[in-house]
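Working from the sequences, and respecting the hints, build out all of it.
Quick note: the sequence shown uses the numbering used here, first residue 371, plus one each step.
These aren't lab readings, by the way, just hints derived from the structure by calculation. One or more hints might be untrue.
To be verified - Derived pair list, reagent style DSBU-like, types lysine-lysine, alpha-carbon separation capped at 30 Å: (1) K621 with K665; (2) K564 with K620; (3) K746 with K715; (4) K610 with K521.
Said to hold, decoys possible - Computed Cβ-Cβ distance ranges for the label pairs, DEER-style: (5) D415 with Q805: 33 to 43 Å; (6) V496 with R588: 36 to 46 Å; (7) F744 with Q453: 51 to 61 Å; (8) F413 with L589: 36 to 46 Å; (9) R588 with S539: 24 to 34 Å.
Each residue gets a CB set at the ideal place from its N, CA and C atoms; glycine is no exception.
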Amino acid sequence: PNSVAEVQATFRYRPKTLSSVFEVQKKKTIVIGGSAFSLNLRFPDQVFLGQSFPLEIDWVNQSENYFNNVEVRIDWPEGYTFQEAEPTVASGNNVWNLGYLVPHSSGVIGIRGFASGNEGETKKVVARLGINENGVFLPLAQTEAFFTLTKNPLLVQLTINNQSDTVASLGQLLKFDLDVINKYPSSLRNLVVKVVFSDKGVIDWTTLQAPQALFSSRLRTLIWDGSKVDALYVLTPNAKTHLSFSVKLKKHWPLISQAQENTLIEVQTEVKSSNVPEGASITEIPKAITVNTIKLQSHCQVDIASYFRDAPSGIANQGHLPLRVGEPTDFTIHWKIYNTYNELKNVQIKTTLPAGVEFTSQIAGNYGDNLPTFDKNTREFVWNIPTVAAGSGILTAAPELIFQIRVTPSLSQLHKSVQLIGETSFSAVDSWTHQEINLVYPPVFSNNLTDKTVSPVEGIVIQ
Numbered sequence: 371p372n373s374v375a376e377v378q379a380t381f382r383y384r385p386k387t388l389s390s391v392f393e394v395q396k397k398k399t400i401v402i403g404g405s406a407f408s409l410n411l412r413f414p415d416q417v418f419l420g421q422s423f424p425l426e427i428d429w430v431n432q433s434e435n436y437f438n439n440v441e442v443r444i445d446w447p448e449g450y451t452f453q454e455a456e457p458t459v460a461s462g463n464n465v466w467n468l469g470y471l472v473p474h475s476s477g478v479i480g481i482r483g484f485a486s487g488n489e490g491e492t493k494k495v496v497a498r499l500g501i502n503e504n505g506v507f508l509p510l511a512q513t514e515a516f517f518t519l520t521k522n523p524l525l526v527q528l529t530i531n532n533q534s535d536t537v538a539s540l541g542q543l544l545k546f547d548l549d550v551i552n553k554y555p556s557s558l559r560n561l562v563v564k565v566v567f568s569d570k571g572v573i574d575w576t577t578l579q580a581p582q583a584l585f586s587s588r589l590r591t592l593i594w595d596g597s598k599v600d601a602l603y604v605l606t607p608n609a610k611t612h613l614s615f616s617v618k619l620k621k622h623w624p625l626i627s628q629a630q631e632n633t634l635i636e637v638q639t640e641v642k643s644s645n646v647p648e649g650a651s652i653t654e655i656p657k658a659i660t661v662n663t664i665k666l667q668s669h670c671q672v673d674i675a676s677y678f679r680d681a682p683s684g685i686a687n688q689g690h691l692p693l694r695v696g697e698p699t700d701f702t703i704h705w706k707i708y709n710t711y712n713e714l715k716n717v718q719i720k721t722t723l724p725a726g727v728e729f730t731s732q733i734a735g736n737y738g739d740n741l742p743t744f745d746k747n748t749r750e751f752v753w754n755i756p757t758v759a760a761g762s763g764i765l766t767a768a769p770e771l772i773f774q775i776r777v778t779p780s781l782s783q784l785h786k787s788v789q790l791i792g793e794t795s796f797s798a799v800d801s802w803t804h805q806e807i808n809l810v811y812p813p814v815f816s817n818n819l820t821d822k823t824v825s826p827v828e829g830i831v832i833q
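The structure is reproduced here in structure tokens:
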């Protein structure tokens, strides 16, 4: 309903040549009406899990005014998958550009999608209509509506390596098991099963094993129907048919772009019947959709290098080569981290310094604010880094720590090589997959340096 409000403005001023203050007041009475737009959402109250369903947005300009840059925006609930719309979506899957609207204009946006979740779960959809003013959305109307998920009598279940969603590494074999179950009171005929991959190029399709499936490499789609699988020609009530296939990820997928960060492969499985089953309280063709995901694990490594002559590091090593009993000789150890697809967090590199080896406190490299620590009691040398970005050492500079150690060989090491550092362990958590990464590298010895100016013989201790 309309309401009346009074707006009052007061202007106070003092002329420069006077001490008196003057005041001017103006009042204006305005009529406040309802929204210039009506906005409504229409869709079923009950929605089958994984069954595509229609949704409509009706809008009307109820005013005598003209509006420009008008948009409709929708906030989808968790688990909703947008499929298509008419008119087509302008941005993402939830923005429609209505443009310039004249008085009393109206329209309908038709949308199709499906929802996943738990049986009995209620989902909320929010629609807003407003003006996009230089990138700022100013809402003029808003509405919301709810639907409840119910069990779909046509069930489709896909697992990847026995999981609904999984994490995979390069070169790994992915085994898919797909079950289709008819819970309708009568038979379903001429079913078509379609599996679509959203692959960024990491799947090795030459390794695909999919008996009875028609495969399109261009569309990255597998299709089964009744011509190859008898159970899909007629699926009787409570019957189940099982399909399986497998494919590997590529062994090598070079990182060349940040677009490869946080790689997610979506696997959408759709099952559709050609008939409405007798005795079913539906009018649409039975369909079921499920979406599974594969997250790509980041590949990372630590490059460990050892030098006596190491001028590029800025650290001057001193001592004797060949190594001599009782006489100190310096070496520099390099730890350089290479990381591919996902950010790493809680990164730790750790080693132990054997007896007769000391940390000189001299460091260099690209370590930022992350200084190493050395515990003289445990002999542990540790470098902690909160995060290592995706692409480090490939697209951007690698985090690197260079530290100097001083070795004083003992008599018991005469005619032998000296262990400079013990095993190096690397641990981190992949921020994208949440998987722990643990790597172990062998000890470094004085007769097997990265520094090729030092021969293996010079790493053997003499008197």
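Evaluated hints:
| no. | hint | result |
| --- | --- | --- |
| 1 | K621 with K665 | holds, 16 Å |
| 2 | K564 with K620 | holds, 23 Å |
| 3 | K746 with K715 | holds, 27 Å |
| 4 | K610 with K521 | holds, 17 Å |
| 5 | D415 with Q805: 33 to 43 Å | holds, 41 Å |
| 6 | V496 with R588: 36 to 46 Å | holds, 38 Å |
| 7 | F744 with Q453: 51 to 61 Å | holds, 59 Å |
| 8 | F413 with L589: 36 to 46 Å | violated, 29 Å |
| 9 | R588 with S539: 24 to 34 Å | holds, 27 Å |
In terms of the numbered hints stated before, the structure departs from hint 8 and from no other.
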